[in-house]
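One letter stands for each residue in the lines below.
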Amino acid sequence: MKEVELDCLGEACPIPLVKAENKIKELEIGDVLIVQIDHSCAMKNLPEWARKEGHNVEIEEIDDGEWEIIIEKVK
Amino acid sequence: MDIKKNKYYKLWIKDAWPYITGAVLLSLFQIITLATTGNPWGVSGILANWGAWLYETAGGSVDKWYYFSSEGARRTLENGFMNHGGSLRNLGIIIGALAATLLSSGFKFKKIKSWKQIIAATLGGLLMGYGARIGFGCNIGALFSGIASLSLSGWVYALFLFLGAIIGSKLLVKYFM
Amino acid sequence: MDEQKSTGIQRSSTRTRRTRKKKKNQLPFGVAVVLLAVVFGILLGYKNPGMPIFWITGLTFGYILQRSRFCFTASMRDPFLTGSTSLTRTVLTAFAITTIGFTAIKYGAYVKGLPMPGQSYIAPVSLATAAGAFMFGVGMVIAGGCASGTLMRVGEGFSMQIISLFFFIVGSLWGAHDFGWWKLNVILKGKAIFLPDIFGWIGAVIIQLIIIALLWIAADKWENRKNLA
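Protein chains in written order, with the numbering used here: chain E, 1 to 75; chain R, 76 to 252; chain V, 253 to 481.
It is worth saying that the hints were derived from the structure and are not from the lab. A hint or two may mislead.
[To be verified] Mimicking EDC-like on lysine to aspartate or glutamate, the simulated pairs with C-alpha atoms at most 20 Å apart in a straight line are: (1) K75/E to E26/E; (2) K79/R to D64/E; (3) K82/R to E48/E; (4) K276/V to E61/E; (5) K276/V to E26/E; (6) K139/R to E153/R; (7) K276/V to D90/R; (8) K435/V to D90/R; (9) K188/R to E66/E; (10) K85/R to E26/E; (11) K89/R to E26/E; (12) K188/R to D31/E; (13) K79/R to E66/E; (14) K89/R to E61/E; (15) K276/V to E68/E; (16) K85/R to E68/E; (17) K80/R to E61/E; (18) K188/R to D64/E; (19) K79/R to E61/E; (20) K52/E to D31/E.
[Stated by the list, open to error] Pairwise CB distance ranges, derived in the manner of DEER restraints: (21) D430/V to P93/R: 40 to 50 Å; (22) G360/V to I187/R: 32 to 42 Å; (23) D430/V to G113/R: 26 to 36 Å.
Note that this is a predicted model, so its numbers are computed, not measured. Glycine is no exception: its CB is placed at the ideal position from the N, C-alpha and C atoms.
Pulled out of the complex, with its shape left as it was, chain E reads as follows (with noise of 0.2 Å):
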C-alpha cells in the first residue's frame, strides 16, 4: 500500500486525465493515487473516469481553484 502523488497543476484538459490514466496502469491493487489539479475541467472528468473504471474516488478541495482527486485502485 503506498501512496503516490501526481502534480498535474497548471495542466489544462486531458492531460490530467491521460497522466492520471497512465500511472494508475504502474500502480499495485490497493494503491493510492493523488492527483492534484487546478482546473475545474478535470475536477469533474477524472472522477468520472475513475469511477467507471470501478476505483474508489475521493475529491478535496484543498485551496481556492485546487482540488485532489484520490483514487484508490481497487482492481
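Given the coordinates of chain E, assemble chains R and V onto it according to the supplied hints.
The following block gives chains R and V in isolation, referenced to the frame of chain E:
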C-alpha cells in the same frame, strides 16, 4: 447563517452542474440569441474584428482586404468595440466565467508551467483562428449554430472537426505533455 | 451529482492530511463582479439600446459554460482519447434541442413571408470547410480549449489560454487576410445547402433528429464497448 452551507448556494453556485443542465441551458440561450438578435451565437468571426482593431492600432490597415470590404464589415470596424454586439458578448463570456469561479470561491491564477504550454497555445491558437476564418466559423458559429440552422455545412464541419481532434490528440500526447 | 460523497478510502498512515491554508472567501469579489457587470450593462443600454442583450447573453453563456464544464473540445476528443462519450452525448442533445427551436423561429418567419433570421450561418460547403474544420480540430485539442472554451478559461484565470486567445486573434486576422484567395479558388466552387430546401421542413427536421439519435446511440455503444474491453 453561513451561506457556504446553504443548500441552494451549493446546488446552483458552488458545485459543478451536470453536463445535461449545461446542454439544456446553452440551447435555451442559443434559441434566445436567434430570436432576439436575428442571428445565432458566434464567437470566432468577432475575433477577426478584434484582430483588425489591434492591427489598426499598431498602424496597419485592412482597407484593401477582401474580407473587410463589404459595407457591413467596414461599418462594424468604424463603429468600434462598444457598438459591436458580438464583441460585448465575447467579453461577457470572459466576465461571466470569472464571476462563476469567484462566486464559487474557485478562482486561481494559473501560471504557465512550461515552454511546451506556450508552444501548444501559440500553435493551437493560430490553427483555430485561421481554420475558423476559412471554415466559416468555430465550434459555435459553424458547428453548433450551423447544425441547429439545418445547414449541411454544420455536419461537414463536425466530421472534419472530429478528424482534426483525433490528430490533435495524437500530437498532444506525443509532443505536448 | 454525488461528487462530494465520501467513499471512505483508507488513507495510509504515512501521510496525514496536510494542514491546509485557510481558504479565502472569494464570494464578495464575485458579488462585486456581478454588480459591476450590471452597472456596465445599464450604461451600455443608455449608449446603444441594442447592446445589453449581447452583454447579458454573453455573461450567461460564460456562467453556464463554467458551471457545467460544458466542453466542445472534450466532446470531439474524448471518444478517441479516453473512450468517454458523456460530453459527446450531451452536445448531441444540445444539437437536437436547438434544431427544434431554430426551426420553429425560421419556419415562423417563413410562413409569414418574412425573411428568415440567421440564414447567413448556412455556409457554403467546400474544401475550405473541411480544411478549416480540420485545422480547428487540431488547434482546439492542443490549445486545450475551443473558441468559447478559451474565452471561458481566460475568465477562470488560465494564463496559457490568454496566449492562445491572442494567437487565435492573430490567426483570425491571418485567415481574414487570405480569405479573398480561399473565396476565389475554393469557396466559390461550393454551395450553401439549407436542408429544408431538399427534404422539406418536416423531412429535414426528422432526418436531422434521426441522425442525432443514431450518433447518440453509437456514442453510448462506443463508451460501453471500451468499458468491457
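The hints, checked one at a time:
no.: 1; hint: K75/E to E26/E; result: 12 Å, holds
no.: 2; hint: K79/R to D64/E; result: 13 Å, holds
no.: 3; hint: K82/R to E48/E; result: 23 Å, violated
no.: 4; hint: K276/V to E61/E; result: 12 Å, holds
no.: 5; hint: K276/V to E26/E; result: 37 Å, violated
no.: 6; hint: K139/R to E153/R; result: 15 Å, holds
no.: 7; hint: K276/V to D90/R; result: 17 Å, holds
no.: 8; hint: K435/V to D90/R; result: 46 Å, violated
no.: 9; hint: K188/R to E66/E; result: 15 Å, holds
no.: 10; hint: K85/R to E26/E; result: 36 Å, violated
no.: 11; hint: K89/R to E26/E; result: 34 Å, violated
no.: 12; hint: K188/R to D31/E; result: 28 Å, violated
no.: 13; hint: K79/R to E66/E; result: 17 Å, holds
no.: 14; hint: K89/R to E61/E; result: 12 Å, holds
no.: 15; hint: K276/V to E68/E; result: 18 Å, holds
no.: 16; hint: K85/R to E68/E; result: 19 Å, holds
no.: 17; hint: K80/R to E61/E; result: 15 Å, holds
no.: 18; hint: K188/R to D64/E; result: 19 Å, holds
no.: 19; hint: K79/R to E61/E; result: 14 Å, holds
no.: 20; hint: K52/E to D31/E; result: 18 Å, holds
no.: 21; hint: D430/V to P93/R: 40 to 50 Å; result: 42 Å, holds
no.: 22; hint: G360/V to I187/R: 32 to 42 Å; result: 49 Å, violated
no.: 23; hint: D430/V to G113/R: 26 to 36 Å; result: 29 Å, holds
Going down the numbered hints, you'll see the structure goes against 3, 5, 8, 10, 11, 12 and 22, while the others check out.
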